[in-house]
Every structure is written in C-alpha cells, then in structure tokens.
Amino acid sequence: MIPMLYYLILSSLLFSISLAGIFLNRKNILILLMSIEIMFLSINFNFIIFGNFLVDLTGQIFVFFILTVVAAESAIGLALIVVLYRNKQSINVDDIGKLKG
Amino acid sequence: MEIELYVFFLFSFALIFSALRVITVNNPVKAAIYLVFCFFFSAILWLLLNAEFLSIILILVYVGAVMVLFLFVVMMLDINLAKIQEGFVNYFPVGLIVFFVMAVLLIFFLSDQFSNMDKNIIQEITLIGSNNTKNLGYLLYTEFILAFEIAGIILLLGIIAAITLTHKKNILTKYQNPSEQVKATKSDRLKVIKDEGQKQ
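As you go down the protein sequences, you meet chains A and B in turn.
In terms of our numbering, the first sequence opens at residue 491 and continues consecutively.
In terms of our numbering, the second sequence opens at residue 167 and continues consecutively.
In isolation and in its complexed conformation, chain A is listed as follows:
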C-alpha cells in the first residue's frame, strides 16, 4: 500500500522542477516547451491520484482530454518554432517579437 502523500509529493516535485526549468532555459524555446510538457504530466498525475482517492473515473477522463489538448498545443508550438527559425535563423525567445504575422 502506497500512501497518497507520496504520489502528491512526487507530482509537486515534478511541477517545481518544470517551473525552475522555465526560469533556467529562458533563451531556448525548445526546452521551454519540454518544461511545459513535464508540467502537464504532473497535473495529470494529480488528476489520476485524486480520481482514485474519490473512487471516480472522471479524473482519468480528464487526463485523456488534457493529453489531446497538449498534443495539439505542442504541434502548433513546434510549427511556430519552425517558422521562427526559417525567418530569423535562430530559436531565441527574444527574436519571437520580430515575427510580425
């Protein structure tokens, strides 16, 4: 039997790591996207844990929808990175303002 607190601490540690990753890799937009993926992973952990705690499958349904939305979001984000690289030859976050449509 694994206490619920262990899982909650694991997901909060994952969330803090990804938040620190957003601060650390301010220049590299690829790692920023990966940090956001880890953040979504920790949120999904919380949904499954509390769904199990309340004996309700709605938490898992919600994780399913989050996975769908995150897949679409990362596809669009990567497309934006490709457009940025094609125009500016860099993926620096500071250059994103120069895209202009």
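Calculated from the structure, these hints are not laboratory results.
Be careful, since some hints might not be right.
Derived contacts from chain B toward chain A, CB cut-off under 10 angstroms, selection only [stated by the list, open to error]:
1) 188
2) 214
3) 223
4) 233
5) 280
6) 305
Note that the Cβ used here is the ideal one computed from N, Cα and C, for glycine as well.
Given the coordinates of chain A, work out where chain B should sit on it, guided by the hints.
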C-alpha cells in the same frame, strides 16, 4: 515493505532524475530523450495507480508521436548551442530559489492536508466491469460525448494550424487567380497601335 513500494520508489526517483536532466542538459536532442524516459517512468507509475489505458496512451501517443515530432524539429533546426546556453549561469540562482520555494510550499501544504489519509488509493474503480478501458470507453461515449467531439475538433484545428504555418507556397505550381481574372479589362489585354508605315 511490499514490492509495490519498492517499484514506486525506484521509478519515482528515476522520474525525478530524468526530469532534472531535461532542464539542465545543454543538448536539445538529449533533453528530448530524457523527456521520453520521463514519460516512460510515469506510464509505469500510472500502471501502479490502475490507470492502464492512460499509461498505454501515454507511451503510444506521447513517446510514439509527440516526442518524434520534437526530435524531427530538433534535427531540422541547426541550432547554435553556445548562444542558446548563454543565460544559463545567470539564471541558475533564480531557478534554484523558485524550485525550493515552490517545492517547500507545496510539500508543506500537502503533508498538512493529506498526511493521515490511511485509505488505500490503489484501488480498482468499477463502473460496468473490472476492465479499465471498458469503463473509460463507457464514460467517454455516454456522459462525455460532447467533450469527446470537441477534442476531435481541437485535433483537427491543430493539424490545420500546423500545416498553414509551415507550408511553403510552391512557386513552380501553375494556378489561376480568380480575382485577377475578374479585374481584367479590355485595355489590359488589347493594345491598339497606329500603323505608321501606311502613311508614307
């Protein structure tokens, strides 16, 4: 100590380690590989929580599709690594402070709220059977059918947005421009020249 607890500790430490490597490694390809490890370990932990369908989905959709997309983009771009890493040392203390403040606050709050929950959270949730996939499918097609259709539309939106952003217009392709055709007048196409040679 049961075997479940050993498995949990092993894979949660591996998960934390690979998440730390994702944000500190300087090569984006390595970061993507460590992110794959992250998803794999969390899929195993979700199996422990009796979410079998979601753990398989995480491996098939995430490791199989989204991470391959990430790797494609990383390999397509020729990135100057030295220029990208330049702010890392400056931001390191800020990142460390953010990590500790967030982690300490969350763990303090959670251990205050959920420390004496002696309920076993690893339990089977039964709705129409003991099959996790069957239960999820039942809920998805009855109670959450509208949300399910909206999710399909969001995926279509993602496809359309990604294609329109990255698609290059091919110059060699011949195509008609209807508005140009309508705008054309007689003077655009026909030029009347006086024949000078006839006079002499």
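Tell me the numbers of any earlier hints that the structure contravenes, in ascending order.
none
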